[in-house]
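Please model the entire structure based on the sequences and the hints provided.
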Amino acid sequence: QKEVEQNSGPLSVPEGAIASLNCTYSDRGSQSFFWYRQYSGKSPELIMSIYSNGDKEDGRFTAQLNKASQYVSLLIRDSQPSDSATYLCAVNMRRVVRGAQKLVFGQGTRLTINP
Amino acid sequence: GAVVSQHPSWVICKSGTSVKIECRSLDFQATTMFWYRQFPKQSLMLMATSNEGSKATYEQGVEKDKFLINHASLTLSTLTVTSAHPEDSSFYICSAGRLLQGEKLFFGSGTQLSVL
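Heads up: the protein sequence lines correspond to chains G and Y, in order.
Residue numbering for the first sequence follows our numbering, starting at 1 and increasing by one per position.
Residue numbering for the second sequence follows our numbering, starting at 1 and increasing by one per position.
Please keep in mind that the hints were generated in silico from the structure rather than gathered at the bench.
Keep in mind that the hints are not guaranteed to be accurate.
DSBU-like, lysine-lysine: derived pairs with alpha carbons at most 35 Å apart [claimed, not checked]:
id, chain 1, residue 1, chain 2, residue 2
1, Y, K41, Y, K14
2, Y, K66, G, K2
3, Y, K20, Y, K104
4, G, K102, Y, K66
5, Y, K104, Y, K64
6, G, K2, Y, K64
7, Y, K14, Y, K55
8, Y, K41, Y, K104
9, G, K67, Y, K14
10, Y, K55, G, K67
11, G, K67, Y, K66
In structure tokens form, the structure reads like this:
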């Protein structure tokens, strides 16, 4: 089982619709979850962070977390062509050794918003 | 927000040479920095965690003698790709932050390495 798993897509959504991105993770003890957006050839850009069960809204973006199901999602409302990018789910995971932590990324979902 | 500077942005080198990539935290002290590698159309794979003043922690499958990491100060970590080969060609990204406090990671702009 992969530590962080996403549907690789590609996902195609018409402009103005809702885009839904999903992610599952393996470490039940994980406490911090992030969604990044990455354009080709660029570094990831943080969109949302979520730490508690439930929904967190920021503008057109809503992150949802369900720790019991080990599931985190990102909804993009009123999708715009500029939202077309690869979206990366990232989970802060505990290391077995030394108790330190590391940020592990899913494989990313390529999203295309069609005008 | 915090800024992480990475240099160079891109580098082309001959097979067998070594390449050094620098990662600097500009407005905060980073006791820990992370080095990722990304192949085309793939996700970011954590290579190693750079710890200030101590040895780096490498992920399984990453050769520590090939990818040398030095974190000599609280604001600078370097990754040296030694004896580079074409299969080392990739996008290398550093990041810094304080994960233990649940804070965010900030990413450098990345280095595109092409080994001829």
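Evaluated hints:
1. In summary, the hint linking Y/K41 to Y/K14 is supported, as the alpha carbons are separated by about 24 Å, within the 35 Å threshold.
2. Note on Y/K66 and G/K2: the hinted pairing holds, with a Cα-Cα distance of about 26 Å set against a maximum of 35 Å.
3. Straight-line distance between C-alpha atoms of Y/K20 and Y/K104 comes to about 26 Å, which keeps the hinted pair within the 35 Å bound.
4. As the CA atoms of G/K102 and Y/K66 are separated by approximately 21 Å, the hinted pair is consistent with the 35 Å bound.
5. At roughly 26 Å between alpha-carbon atoms, Y/K104 and Y/K64 fall within 35 Å of each other, so this suggested pair holds.
6. A C-alpha spacing of about 23 Å is found between G/K2 and Y/K64, which places the hinted pair at or below 35 Å, so the restraint holds.
7. Between the alpha carbons of Y/K14 and Y/K55 the distance comes to roughly 28 Å, so the proposed pair stays at or under 35 Å and holds.
8. Annotation: proposed proximity of Y/K41 to Y/K104 holds, straight-line Cα distance about 24 Å (limit 35 Å).
9. A threshold of 35 Å between alpha carbons decides the hint, and for G/K67 with Y/K14 the separation of about 48 Å lies outside it, so the pair is violated.
10. About 34 Å separates the Cα atoms of Y/K55 and G/K67, which keeps this hinted pair within 35 Å; it holds.
11. A distance of roughly 38 Å separates the Cα atoms of G/K67 and Y/K66; the hinted pair therefore is violated under the 35 Å criterion.
Violated hints for the displayed structure, listed by number in ascending order: 9 and 11.
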